[in-house]
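Chain order of the listed sequences is L and S.
Under this note's numbering, the first sequence has 109 at position 109, and the numbering climbs by one with no breaks.
In this note's numbering, each number is its position in the second sequence, counted from 1, plus 217.
Derived by calculation from the structure, the hints in this document are not laboratory data.
There's no promise every hint is true.
What the hints assert, rightly or not - These stretches of chain S come out as covered by chain L in the derived footprint (C-beta under 8 angstroms, 3 or more residues):
{"hint": "1", "stretch": "280-288"}
{"hint": "2", "stretch": "327-335"}
{"hint": "3", "stretch": "342-355"}
{"hint": "4", "stretch": "358-368"}
Cβ atoms here follow ideal geometry from the backbone N, Cα and C, with glycine treated the same way.
Here is what each chain is made of, one letter per residue.
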Amino acid sequence: MIDSNMFQLVCFYAFAAVTVVAALGVITLRNSVHAVLSLVLTFFSTACIWLLAEAEFLAIALIVVYVGAVMVLFLFVVMMLDIKQEQVREGFIKYLPVGIVVALVMLGEMLALIGVRTMHEATMGVNPATAAGMSNTAWLGTALYTQFLLPFEIAALILTVGVVAAVVLTLRHRGGVRHQQASQQVRVNARDRVRVVKMAAEVPAAPQPAPGKETTP
Amino acid sequence: MPNFNDILILLPEFYLVAAACLLLLLDAFMKPEQRPMLHWLSIAVLLVGIYLVIAGQPSQPVTAFNGMFIRDGVSEILKVFALLSTVLVFVYAKPYLLDRKLFVGEFYTLTIFAVIGIMLLVSAGNLITVYLGLELLTLSSYALVALNRDSRLSSEAAIKYFVLGALASGMLLYGMSMVYGATATLDLAHLHMAASHTGMPHLLVFGLIFMIVGIGFKLGAAPFHMWIPDVYQGSPTAVTIFIGSAPKLAAFGMAYRLLDAGLGDLANHWQLMLACLAVLSLAIGNLVAIVQSNLKRLLAYSTISHMGYLLLGLVNAGPEGYASALFYAISYALTSAAAFGVILALARAGFECEEIDDLKGLNQRAPWAAFLMMLVMFSLAGVPPLFGFFGKLLVFQAAIHAGFMWLAIVGAVFAIIGLYYYLRVVKVMYFDKPVEGTEVHLQKDVSVRVVLSLNVLALLVLGIAWGPLFGWCQSVFVG
Chain L
1 MIDSNMFQLV
11 CFYAFAAVTV
21 VAALGVITLR
31 NSVHAVLSLV
41 LTFFSTACIW
51 LLAEAEFLAI
61 ALIVVYVGAV
71 MVLFLFVVMM
81 LDIKQEQVRE
91 GFIKYLPVGI
101 VVALVMLGEM
111 LALIGVRTMH
121 EATMGVNPAT
131 AAGMSNTAWL
141 GTALYTQFLL
151 PFEIAALILT
161 VGVVAAVVLT
171 LRHRGGVRHQ
181 QASQQVRVNA
191 RDRVRVVKMA
201 AEVPAAPQPA
211 PGKETTP
Chain S
218 MPNFNDILIL
228 LPEFYLVAAA
238 CLLLLLDAFM
248 KPEQRPMLHW
258 LSIAVLLVGI
268 YLVIAGQPSQ
278 PVTAFNGMFI
288 RDGVSEILKV
298 FALLSTVLVF
308 VYAKPYLLDR
318 KLFVGEFYTL
328 TIFAVIGIML
338 LVSAGNLITV
348 YLGLELLTLS
358 SYALVALNRD
368 SRLSSEAAIK
378 YFVLGALASG
388 MLLYGMSMVY
398 GATATLDLAH
408 LHMAASHTGM
418 PHLLVFGLIF
428 MIVGIGFKLG
438 AAPFHMWIPD
448 VYQGSPTAVT
458 IFIGSAPKLA
468 AFGMAYRLLD
478 AGLGDLANHW
488 QLMLACLAVL
498 SLAIGNLVAI
508 VQSNLKRLLA
518 YSTISHMGYL
528 LLGLVNAGPE
538 GYASALFYAI
548 SYALTSAAAF
558 GVILALARAG
568 FECEEIDDLK
578 GLNQRAPWAA
588 FLMMLVMFSL
598 AGVPPLFGFF
608 GKLLVFQAAI
618 HAGFMWLAIV
628 GAVFAIIGLY
638 YYLRVVKVMY
648 FDKPVEGTEV
658 HLQKDVSVRV
668 VLSLNVLALL
678 VLGIAWGPLF
688 GWCQSVFVG
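Make a model of the complete structure from these sequences and hints.
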């Protein structure tokens, strides 16, 4: 049987090494899709380190939010930006090897984590959640709304600034654009739509003689 | 647990957040012709903010939200002057923004959000609040720099500022994480106690170095100054004036909180680091400013050198040093606001008044503007009896008392070198012939004229009667 502390330490260093190498890959790889895949690996390995430290909620949030949503969006954007036709066609096959490598490393990390979990040993110090007799998520929520309330509110303020900045930097009021105006559409009456005009009947004028030079159809 | 009393302690901040959100909504539902009202409303909001800060000043330092927030004399004085210089910014900026079709409500709301960031930063009692306050300030600033979307220079400045700012934030966070690793606390008061008996002194110093990098970047001290000239030149002058004034007070507040309140025990380590930053800033700022032909760029390099002087005060690492550095930061914020205020007041639609050559013969065309600019330049150069002179004198004194005689001598030598480029601007205004076919005159807006004149005259008055203000600065650091 392997010493459990030893195994956890080895796992920690392995995850840390993968994180650092993948992060270096993000900034050095020339191909932007490879760089994004490398970023996915960075986030995943970081999540694994957090799981080792028994911060389950944060780790899952990192995977779900960053790897699951943000990075997929990144990949979409990066792949859409690559507008050369032939590259788009062979894109899937071309990026497959790197994708497989990333997936395999992730699988290895997951297996290692399962190994650590089965040993039930905490080497990273006393977990405050366990000490308080709460689940990780409950403890995080309690801490966030009591001890860390002010930073939490400031973070909300920062997000507000982000929204305001995004709007001010991208919203353009263009002239001559036709918009639907719902309020006016709703307020319209049948009387405004059709106007009955009374006028004297028009007598058609006598037909004009055909012009001399007419080309045959 | 946070209670109602905590909210009362943070009343000025909560009030400003509410007011900023309200302004944001008002702006969205306002007709375009009503928009100038927003300008006066924003100024009123800030003035009420100053009142709330002064009126609610506690006799003893108090903390709120589990020590996350400290309200003491240092934070009060910084907040008052940060709000005051933002009022100046709003007054000076309006005609400029109107002329360039940049007059949007978001300029006001983003600036107010940045001021809230400053206020949170200078009263931070925890590494997390320091970081979040800083992010609130810088995120708003990035957006403000990019406000003029159609200008290439402006976008370039915003991208540079954003990338370098993110890098600096990363460095600061890395340093903080190392310090947390060494002491197992984020609270600055606990950190102060834990720093003297940590089991990992090397890790602590390692973290300290990265935190100094972050502080150096925020101050704009060499060798972390690369963003300053481009950002100052590239952003609309109405934004440059903000970046050049109130955030300098925030940078001082941040350095004070982190270095004194947090890591005061390591003073013998950071004193020398700050001394190196100071010498480099003085040298690079003053020498490179000599060759500048663009006025905004010249003021940018002048900022770098002024941050060097501010660091001379911090090097002292005692109440006297902090008081002189605080005095210097206030004098710099007010003088810088006046300097960019004159540039803004001389600019008009289609004419930026950015080049030094634009000021040629200003005395014959707008004698009052030339006189104001001369006083500002003298104050920046440190000519007695102006405000800037006593600021310099006090930081030199603080450096000498801390045993850094050589540093004070270096500072004095570079102050004399710096005199050259400030006096060159004065020479251009008074002794050069105006360029034919150009026209420069002071802004017609009455509020700009009156407030600008008052601002510059305040530099003269505070230079002659500097005692009370310095007494206030000293009193907040005693006890």
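Tested hints:
no., hint, in the structure
1, 280-288, "holds (count 5)"
2, 327-335, "holds (count 3)"
3, 342-355, "holds (count 7)"
4, 358-368, "holds (count 5)"
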